[in-house]
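Note that the protein sequences, when read in sequence, are chains A and B.
Counting from 515, one number per residue, gives the positions in the first sequence under this note's numbering.
Counting from 3, one number per residue, gives the positions in the second sequence under this note's numbering.
Honestly, I wouldn't trust all of these hints.
Unchecked claim - Going by beta-carbon spacing under 7 Å, a handful of chain A positions derived as facing chain B:
#1 A599
#2 A600
#3 T603
#4 L621
#5 S707
#6 P793
#7 T892
#8 E893
Everything labelled a hint here was simulated from the structure, so no lab data went into it.
Heads up, the beta-carbon is just placed ideally off N, CA and C, and yes, glycines get one too.
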Amino acid sequence: MSRTARTASAALTVALALGISACGSSGGEDVAADAKQTLTVWAMGAEGEKLAEVAEVYEKAHPNVTVKVTPVGWDVAHQKLVSAAAAGTMPDVAQMGGSYMGEFAELGVLEPVDTKTFDKKDFFPAGWNQGEVDGTAYGVPWYVDTRVLYYRTDLAKKAGVDKAPADWQEMRDLATAYQEKAGTKWGLSIQPSGLDTVQSFYPFLYSAGGAIVDDKGEAVIDSPEAVSALKEYGAYFDKGLANKSVQPGYDVLKDFGNGRVPMFFGGPWHVTLLDEGQPQIKGKWAVAPVPADSTSASQAGGSSLVVSKDSEHKAAATEFIRYLTDAEGQADWYARTKDLPANTTAWDSGKLAGDANLQVFKKQMDTAKSSHPSARLTEINDKVDQAIAKVTQGKASAEDALKTAQSEIEGLVKK
Amino acid sequence: MGTTTARAAQPAEVKKGPGAPPPGAGRGGAARRKRSMGVQNTAGWLFSTPFLVLFTVFMAFPILATLLMSFTDFGLRNVTRPWEANFIGFENYTELFGDEKFLKSLFNTAYFVVVGVPLTIALGLVVAVLLNNGIDRARTFFRVGFYAPVVTTIVAVAVVWRFVLDPSDGLVAGLFSEVGLTAPDFLGSETLAMPSMIAMAVWRNVGTVMVLFIAGLQAIPTEVREAARLDGAGVWQEFRGITVPLLRPTLLYATVITTIGYLNVFEEPFVMTQGGPSDSTLTVSLNMYREGFNFFHMGYASAMAYVLFVVIMGITVLQLRLLKDNTK
Numbered sequence: 515m516s517r518t519a520r521t522a523s524a525a526l527t528v529a530l531a532l533g534i535s536a537c538g539s540s541g542g543e544d545v546a547a548d549a550k551q552t553l554t555v556w557a558m559g560a561e562g563e564k565l566a567e568v569a570e571v572y573e574k575a576h577p578n579v580t581v582k583v584t585p586v587g588w589d590v591a592h593q594k595l596v597s598a599a600a601a602g603t604m605p606d607v608a609q610m611g612g613s614y615m616g617e618f619a620e621l622g623v624l625e626p627v628d629t630k631t632f633d634k635k636d637f638f639p640a641g642w643n644q645g646e647v648d649g650t651a652y653g654v655p656w657y658v659d660t661r662v663l664y665y666r667t668d669l670a671k672k673a674g675v676d677k678a679p680a681d682w683q684e685m686r687d688l689a690t691a692y693q694e695k696a697g698t699k700w701g702l703s704i705q706p707s708g709l710d711t712v713q714s715f716y717p718f719l720y721s722a723g724g725a726i727v728d729d730k731g732e733a734v735i736d737s738p739e740a741v742s743a744l745k746e747y748g749a750y751f752d753k754g755l756a757n758k759s760v761q762p763g764y765d766v767l768k769d770f771g772n773g774r775v776p777m778f779f780g781g782p783w784h785v786t787l788l789d790e791g792q793p794q795i796k797g798k799w800a801v802a803p804v805p806a807d808s809t810s811a812s813q814a815g816g817s818s819l820v821v822s823k824d825s826e827h828k829a830a831a832t833e834f835i836r837y838l839t840d841a842e843g844q845a846d847w848y849a850r851t852k853d854l855p856a857n858t859t860a861w862d863s864g865k866l867a868g869d870a871n872l873q874v875f876k877k878q879m880d881t882a883k884s885s886h887p888s889a890r891l892t893e894i895n896d897k898v899d900q901a902i903a904k905v906t907q908g909k910a911s912a913e914d915a916l917k918t919a920q921s922e923i924e925g926l927v928k929k
Numbered sequence: 003m004g005t006t007t008a009r010a011a012q013p014a015e016v017k018k019g020p021g022a023p024p025p026g027a028g029r030g031g032a033a034r035r036k037r038s039m040g041v042q043n044t045a046g047w048l049f050s051t052p053f054l055v056l057f058t059v060f061m062a063f064p065i066l067a068t069l070l071m072s073f074t075d076f077g078l079r080n081v082t083r084p085w086e087a088n089f090i091g092f093e094n095y096t097e098l099f100g101d102e103k104f105l106k107s108l109f110n111t112a113y114f115v116v117v118g119v120p121l122t123i124a125l126g127l128v129v130a131v132l133l134n135n136g137i138d139r140a141r142t143f144f145r146v147g148f149y150a151p152v153v154t155t156i157v158a159v160a161v162v163w164r165f166v167l168d169p170s171d172g173l174v175a176g177l178f179s180e181v182g183l184t185a186p187d188f189l190g191s192e193t194l195a196m197p198s199m200i201a202m203a204v205w206r207n208v209g210t211v212m213v214l215f216i217a218g219l220q221a222i223p224t225e226v227r228e229a230a231r232l233d234g235a236g237v238w239q240e241f242r243g244i245t246v247p248l249l250r251p252t253l254l255y256a257t258v259i260t261t262i263g264y265l266n267v268f269e270e271p272f273v274m275t276q277g278g279p280s281d282s283t284l285t286v287s288l289n290m291y292r293e294g295f296n297f298f299h300m301g302y303a304s305a306m307a308y309v310l311f312v313v314i315m316g317i318t319v320l321q322l323r324l325l326k327d328n329t330k
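Please construct the entire structure, taking both the sequences and the accompanying hints into account.
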């Protein structure tokens with residue numbers, strides 16, 4: 515029997531067995547916030563490592579609460595959470611990426627957010643929307659990120675351009691000028707095909723005013739806006755401005771540093787990575803808002819904090835999340851991790867208010883959009899990835915590719 | 003002669019004397035033997051319990067569960083509510099054979115096996131024969147060299163091969179530009195991605211096959227070879243008439259396990275291309291993994307696993323028939 519099938523079935527069986535045994539344990543009594551208790555918290559990646567420090571500070575102020583932080587790697591996070599959901603062993607508090615929210619809401623393991631404690635107006639709209647499924651908020655936005663345009667200013671000067679491209683036409687002209695006058699290998703780095711190609715397509719799609727699934731939950735990927743966005747995206751490959759073949763795991767920063775790729779769409783974490791990994795180009799690059807079509811809009815990312823439905827420490831969990839997401843906690847978190855605060859009031863003072871690069875991110879975040887939460891988000895995105903690949907590889911027109919995607923996604927959102 | 007036997011027999015008789023069962027004890031002895039058989043059985047079962055428990059829990063039960071699941075629409079929501087999955091009969095299976103992606107993955111897997119297995123076996127045989135009698139110096143060095151890829155983790159292999167195949171500054175691209183040519187983009191091209199994958203798999207697996215063949219070659223008696231040589235057989239005749247027929251059982255075993263391994267191919271496309279470009283390296287196992295763990299179509303993925311299982315069974319039985327040792 516196949517190795518994969520074996521792993522698959524083994525994982526499921528364990529999940530099933532645990533699921534059955536867990537049925538009896540749920541529905542315990544809630545413990546009051548000021549009682550002595552232990553909170554279990556799962557956080558992912560870099561956040562998981564830094565959160566333990568914050569938890570220590572929190573424990574000093576709240577001696578009755580012990581916070582047990584478990585760092586979970588992003589590569590295994592999804593599987594671990596699904597297993598925990600199946601087994602009924604979800605932690606009291608968990609960090610969750612926006613793309614997970616639809617699935618876990620469908621699994622019915624999340625407690626709706628206490629809207630008396632958390633006010634939607636305190637957060638970036640796109641941040642809050644990520645935690646909302648069918649009108650119910652399940653996650654409190656913890657930090658946000660979005661992608662903006664990174665470009666090489668020194669090479670732009672060489673190409674005879676001294677300002678950031680503001681619209682699609684200027685971006686295409688700059689890409690061409692980079693290649694022709696500054697001698698770069700490519701004009702812009704965007705992903706041609708494969709997993710998560712949609713991530714580099716979002717800035718085009720949203721700036722054109724399109725979407726994959728609209729607010730009502732209808733598939734709209736064949737709209738004229740989406741078609742024009744995909745046409746523009748495909749043109750970069752047609753004209754040889756972008757690389758048609760990029761290997762999985764490609765690191766754009768190296769090529770940005772050596773001048774082969776002068777432009778790419780990147781998140782806030784790229785600032786630190788560039789400073790540390792490519793110090794030779796310090797001061798030779800800048801960030802700019804996503805070049806606009808009808809508007810300038812990017813994809814909102816980031817993570818939310820959720821409380822498990824089965825948790826017996828909901829009151830204390832809510833208190834802990836409030837501590838992490840109020841203005842003060844968010845500024846402190848930024849100082850520790852450089853994660854962009856989801857709470858807008860945290861942006862009013864300190865470095866966050868003054869830094870020009872950060873303000874670009876803030877402005878982009880104001881208009882950023884998030885995917886419509888759905889339990890089938892991965893599958894929907896996969897269909898869009900395929901449509902984009904067809905266009906960048908010159909196999910279909912944008913209209914035809916998106917028409918196919920539209921009919922496939924219609925089938926997925928209806929189920 | 004007679005004396006030796008007698009002398010040898012005597013002490014045995016002497017020893018037997020006091021221990022000989024008294025008359026009429028025959029029935030009791032049988033009962034004791036039966037009881038001791040029972041004890042032995044219990045001990046046997048006890049010793050195999052760890053294996054049996056692990057096998058039942060982690061193999062037999064999942065295999066059965068997968069079979070059951072393949073007849074249901076088990077999806078994401080059933081992860082927490084498994085009993086709500088609906089029984090849908092053969093719908094998953096009928097849907098599979100109308101699914102273009104699955105058919106493409108089936109084709110890709112067949113391509114991989116049909117080209118990859120003969121290449122691996124042939125190359126493994128050549129290397130084994132050469133190492134067995136051709137090369138005397140640095141034999142260990144070559145053996146280690148050919149076997150090293152087998153024990154290297156796939157992630158490290160993938161990193162190295164990506165460097166080798168990189169279209170802009172890879173090893174192959176460098177060699178091509180030395181002679182004034184441009185190297186093709188191996189992993190980015192739909193026509194070349196699969197052959198590149200096969201080349202890598204052959205390189206990775208030739209070591210296993212080589213070790214099997216070397217063991218097989220050393221079991222061939224030298225007398226047979228000598229006889230052939232005395233009869234005037236050349237190198238090629240000796241290879242065809244002696245080596246290959248006597249290596250037949252090893253050949254069969256190597257072919258069967260390589261075929262099974264290649265039918266299950268998952269790691270190579272998973273780390274190198276993720277099935278791309280345009281699904282040209284999407285294999286059945288990779289497709290199954292995606293359906294099951296990315297999209298949570300567990301029922302559908304289980305059906306896929308069973309189709310692959312039936313294919314593997316069929317091919318293995320066929321190979322055992324065709325390559326059966328007819329010399330005995």
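Structure-based check of each hint:
no., hint, verdict
1, A599, "6 Å, holds"
2, A600, "5 Å, holds"
3, T603, "12 Å, violated"
4, L621, "5 Å, holds"
5, S707, "6 Å, holds"
6, P793, "22 Å, violated"
7, T892, "5 Å, holds"
8, E893, "5 Å, holds"
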